[in-house]
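Novice: Sequence:
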Amino acid sequence: LDLGGGTFDVPILTIEDGIFEVMSTAGETHLGGEDFDKRMVNHFVQELKRKNKQDLNSNIRALRRLLTACERAKRTLSSSTQASIEIDSLFEGGDFYSTITRSRLEELNADLLLN
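In this note's numbering, the protein residues as written are 5 to 119.
Any given hint could turn out to be false.
Straight-line alpha carbon distances no greater than 30 Å define the calculated DSS-like cross-link-like pairs of lysine-lysine that follow [claimed, not checked]:
1) Lys42 x Lys55
2) Lys78 x Lys57
3) Lys42 x Lys57
4) Lys42 x Lys53
Simulated DEER-style distance windows between Cβ atoms [unchecked claim]:
5) Glu38 x Glu90: 18 to 26 Å
6) Asn113 x Arg68: 48 to 56 Å
7) Ile19 x Asp59: 28 to 36 Å
8) Asn63 x Val26: 39 to 47 Å
9) Gln50 x Glu25: 20 to 28 Å
10) Arg65 x Glu38: 14 to 22 Å
11) Ile16 x Lys53: 24 to 32 Å
12) Lys53 x Ser84: 26 to 34 Å
13) Leu71 x Asp21: 41 to 49 Å
14) Ser93 x Leu17: 29 to 37 Å
15) Asp39 x Ser62: 19 to 27 Å
16) Gln86 x Ala114: 14 to 22 Å
What the hints contain is simulated information worked out from the structure, not anything from laboratory work. Virtual Cβ for every residue (Gly too), placed ideally from N, Cα, C.
Required output: the full structure, derived from the provided sequences and hints.
Specialist: Put into structure tokens, the structure is as follows:
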């Protein structure tokens, strides 16, 4: 399985005498890690709106910093059940600290994973 930034590919292989041969490939050209990152970013943008009445959507720099933190958290969640998001001075001088669990990330992306 190859879940890249923008695609998801599934090859069918045969192995004979230690040699791998690709027999067929299939995949989804509109599904990748970036889709999961965007869902997590949106989750935290909504959290900030709810808790602090702040809308990050108007601040490209803050969104980019949040995206970077979400990408890191996603990688952490591949081997841990929980990840922390910690960003100093994310928006209007305020620090942002939160956590996300692997199960919550799966919930956020359930429709993508089921299709």
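Novice: Output the numbers, in ascending order, of every earlier hint that fails for this structure.
Specialist: Failing hints, ascending: 6, 7, 9, 11, 14.
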